[in-house]
Amino acid sequence: MLEINDIIKPENLVYGKTPVLTDSVMHYCPGCSHGVVHKILAQVIEEMGIQEQTIGVAPVGCAVFAYNYIDIDWHEAAHGRAPAVATGIKRLLPEKMVFTYQGDGDLAAIGTAETIHACNRGENIVIIFINNGIYGMTGGQMAPTTIEGMPASTCPFGRTPERDGYPLKMSEILATLPGTCYVTRQAVHTAAHVRKTKKALVKAFENQKMRKGTSIVEVVSTCSSGWKMTPVNANKWMVDNMFPFYKLGDLKNE
Amino acid sequence: MGKIRGAIVVDTAKCKGCSLCVEACPTKVIELSREVNAKGFHFAYMAQPQECTGCTNCATVCPDSCITVYRLKP
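Protein chains in written order, with the numbering used here: chain F, 8 to 261; chain U, 5 to 78.
Read the hints as simulated data drawn from the structure, not as lab findings.
Just so we're clear, the structure is a prediction, and the values are computed from it rather than from any experiment.
Careful: at least some of the hints might be erroneous.
Some, not all, of what chain F presents toward chain U, calculated at C-beta under 10 Å [as the list claims (entries may be wrong)]:
{"no.": "1", "residue": "Val32"}
{"no.": "2", "residue": "Gly156"}
{"no.": "3", "residue": "Asn214"}
Computed list of lysine-lysine pairs in PhoX-like fashion (alpha-carbon distance at most 25 Å, straight line) [said to hold, decoys possible]:
{"no.": "4", "chain 1": "F", "residue 1": "Lys216", "chain 2": "F", "residue 2": "Lys235"}
{"no.": "5", "chain 1": "F", "residue 1": "Lys24", "chain 2": "F", "residue 2": "Lys206"}
{"no.": "6", "chain 1": "F", "residue 1": "Lys16", "chain 2": "U", "residue 2": "Lys77"}
{"no.": "7", "chain 1": "F", "residue 1": "Lys210", "chain 2": "F", "residue 2": "Lys176"}
{"no.": "8", "chain 1": "F", "residue 1": "Lys235", "chain 2": "U", "residue 2": "Lys43"}
{"no.": "9", "chain 1": "F", "residue 1": "Lys24", "chain 2": "U", "residue 2": "Lys18"}
{"no.": "10", "chain 1": "U", "residue 1": "Lys32", "chain 2": "F", "residue 2": "Lys16"}
{"no.": "11", "chain 1": "U", "residue 1": "Lys43", "chain 2": "U", "residue 2": "Lys77"}
{"no.": "12", "chain 1": "F", "residue 1": "Lys254", "chain 2": "F", "residue 2": "Lys203"}
{"no.": "13", "chain 1": "F", "residue 1": "Lys206", "chain 2": "F", "residue 2": "Lys259"}
{"no.": "14", "chain 1": "F", "residue 1": "Lys254", "chain 2": "F", "residue 2": "Lys210"}
{"no.": "15", "chain 1": "F", "residue 1": "Lys16", "chain 2": "U", "residue 2": "Lys18"}
{"no.": "16", "chain 1": "F", "residue 1": "Lys254", "chain 2": "F", "residue 2": "Lys235"}
{"no.": "17", "chain 1": "F", "residue 1": "Lys203", "chain 2": "U", "residue 2": "Lys32"}
{"no.": "18", "chain 1": "F", "residue 1": "Lys203", "chain 2": "F", "residue 2": "Lys24"}
{"no.": "19", "chain 1": "F", "residue 1": "Lys176", "chain 2": "F", "residue 2": "Lys243"}
{"no.": "20", "chain 1": "F", "residue 1": "Lys235", "chain 2": "F", "residue 2": "Lys103"}
{"no.": "21", "chain 1": "F", "residue 1": "Lys176", "chain 2": "F", "residue 2": "Lys259"}
{"no.": "22", "chain 1": "F", "residue 1": "Lys103", "chain 2": "F", "residue 2": "Lys216"}
{"no.": "23", "chain 1": "U", "residue 1": "Lys77", "chain 2": "U", "residue 2": "Lys32"}
{"no.": "24", "chain 1": "U", "residue 1": "Lys32", "chain 2": "F", "residue 2": "Lys254"}
{"no.": "25", "chain 1": "F", "residue 1": "Lys259", "chain 2": "F", "residue 2": "Lys203"}
{"no.": "26", "chain 1": "F", "residue 1": "Lys176", "chain 2": "F", "residue 2": "Lys103"}
{"no.": "27", "chain 1": "F", "residue 1": "Lys210", "chain 2": "F", "residue 2": "Lys24"}
{"no.": "28", "chain 1": "U", "residue 1": "Lys18", "chain 2": "F", "residue 2": "Lys235"}
{"no.": "29", "chain 1": "F", "residue 1": "Lys210", "chain 2": "F", "residue 2": "Lys259"}
{"no.": "30", "chain 1": "F", "residue 1": "Lys243", "chain 2": "F", "residue 2": "Lys203"}
{"no.": "31", "chain 1": "F", "residue 1": "Lys206", "chain 2": "F", "residue 2": "Lys235"}
{"no.": "32", "chain 1": "U", "residue 1": "Lys77", "chain 2": "F", "residue 2": "Lys24"}
{"no.": "33", "chain 1": "U", "residue 1": "Lys18", "chain 2": "F", "residue 2": "Lys176"}
{"no.": "34", "chain 1": "F", "residue 1": "Lys243", "chain 2": "U", "residue 2": "Lys77"}
{"no.": "35", "chain 1": "U", "residue 1": "Lys18", "chain 2": "U", "residue 2": "Lys32"}
{"no.": "36", "chain 1": "F", "residue 1": "Lys203", "chain 2": "F", "residue 2": "Lys176"}
Here a beta-carbon is modelled for each residue, glycine too, at the ideal position from N, C-alpha and C.
Please model the entire structure based on the sequences and the hints provided.
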């Protein structure tokens, strides 16, 4: 009879924590999509062998402490200004791999101008956009990406377009700009989607290596604390309500 | 009864008990424990170790990277 301890041996290891991730315990809430995206980003950096030459630009938002978790060079940007900072880094150090990691309050609200202009200039950077439809860090207020009818702490009865305007589809806007080469929308709620998102990140970094232009990887994600749900229910709610509006798939691939 | 082919090791100190791995497991191996860790979370553990196939789905969806997967090579 085979025992568990016969299986738990270094030669049988098939999935472990990548050394690019540090040992710090993440400050994110249980079940937060940020943790999964950090993990696959670290795996992509490890597998492409670009740990020494990657510079990340952290946003303001829950992911502001990303520099504690991924063992690469980081730069902290003012709220929404990550694409502008990444532009400067990439133009001064064109041999480095530069990416920004932004939430929807950062990229789609205060940083809309920086994002659109960096993409319009076709800056050779990767933009990772975490879209959970809410301002998670500050207590779940309505964001530009909050979908119609979705409750938030500043619209407890759901967003109504007459009063609050319409939700903003950033990726669709950016896909129309000639400077972008790759715009995709993915999710990380199941293992299959995590693997697809990882492939999208690899493609985005390869585009940067080939100097093709701006690559945007949007990840539709959950905020179980802000949505006031359990992580499992938040994933179900995202599938039922977010995906019909934010449709997954490649919007642009040149 | 399934044949033992895989096993997971959960870093119980880091696990936050979000139960995403419980949902992701195709053979219902993982459950949340009754005990709690130092932070008060019900950590995940292998409740049905004989069913584990080592498919790595649980570790792939784990936001805190606290699952390590081992699988016997055929």
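Hint by hint, here is what the structure shows:
no.: 1; hint: Val32; in the structure: holds (5 Å)
no.: 2; hint: Gly156; in the structure: violated (25 Å)
no.: 3; hint: Asn214; in the structure: violated (24 Å)
no.: 4; hint: Lys216(F) x Lys235(F); in the structure: violated (41 Å)
no.: 5; hint: Lys24(F) x Lys206(F); in the structure: holds (18 Å)
no.: 6; hint: Lys16(F) x Lys77(U); in the structure: holds (11 Å)
no.: 7; hint: Lys210(F) x Lys176(F); in the structure: holds (22 Å)
no.: 8; hint: Lys235(F) x Lys43(U); in the structure: holds (21 Å)
no.: 9; hint: Lys24(F) x Lys18(U); in the structure: holds (12 Å)
no.: 10; hint: Lys32(U) x Lys16(F); in the structure: holds (23 Å)
no.: 11; hint: Lys43(U) x Lys77(U); in the structure: violated (36 Å)
no.: 12; hint: Lys254(F) x Lys203(F); in the structure: holds (15 Å)
no.: 13; hint: Lys206(F) x Lys259(F); in the structure: holds (15 Å)
no.: 14; hint: Lys254(F) x Lys210(F); in the structure: holds (20 Å)
no.: 15; hint: Lys16(F) x Lys18(U); in the structure: holds (21 Å)
no.: 16; hint: Lys254(F) x Lys235(F); in the structure: holds (23 Å)
no.: 17; hint: Lys203(F) x Lys32(U); in the structure: holds (23 Å)
no.: 18; hint: Lys203(F) x Lys24(F); in the structure: holds (19 Å)
no.: 19; hint: Lys176(F) x Lys243(F); in the structure: holds (21 Å)
no.: 20; hint: Lys235(F) x Lys103(F); in the structure: violated (40 Å)
no.: 21; hint: Lys176(F) x Lys259(F); in the structure: holds (14 Å)
no.: 22; hint: Lys103(F) x Lys216(F); in the structure: holds (9 Å)
no.: 23; hint: Lys77(U) x Lys32(U); in the structure: holds (22 Å)
no.: 24; hint: Lys32(U) x Lys254(F); in the structure: violated (30 Å)
no.: 25; hint: Lys259(F) x Lys203(F); in the structure: holds (16 Å)
no.: 26; hint: Lys176(F) x Lys103(F); in the structure: violated (30 Å)
no.: 27; hint: Lys210(F) x Lys24(F); in the structure: holds (22 Å)
no.: 28; hint: Lys18(U) x Lys235(F); in the structure: holds (23 Å)
no.: 29; hint: Lys210(F) x Lys259(F); in the structure: holds (12 Å)
no.: 30; hint: Lys243(F) x Lys203(F); in the structure: holds (19 Å)
no.: 31; hint: Lys206(F) x Lys235(F); in the structure: violated (31 Å)
no.: 32; hint: Lys77(U) x Lys24(F); in the structure: holds (20 Å)
no.: 33; hint: Lys18(U) x Lys176(F); in the structure: violated (35 Å)
no.: 34; hint: Lys243(F) x Lys77(U); in the structure: violated (35 Å)
no.: 35; hint: Lys18(U) x Lys32(U); in the structure: holds (22 Å)
no.: 36; hint: Lys203(F) x Lys176(F); in the structure: holds (21 Å)
Consistency with the previously given hints fails for numbers 2, 3, 4, 11, 20, 24, 26, 31, 33 and 34, ordered from lowest to highest.
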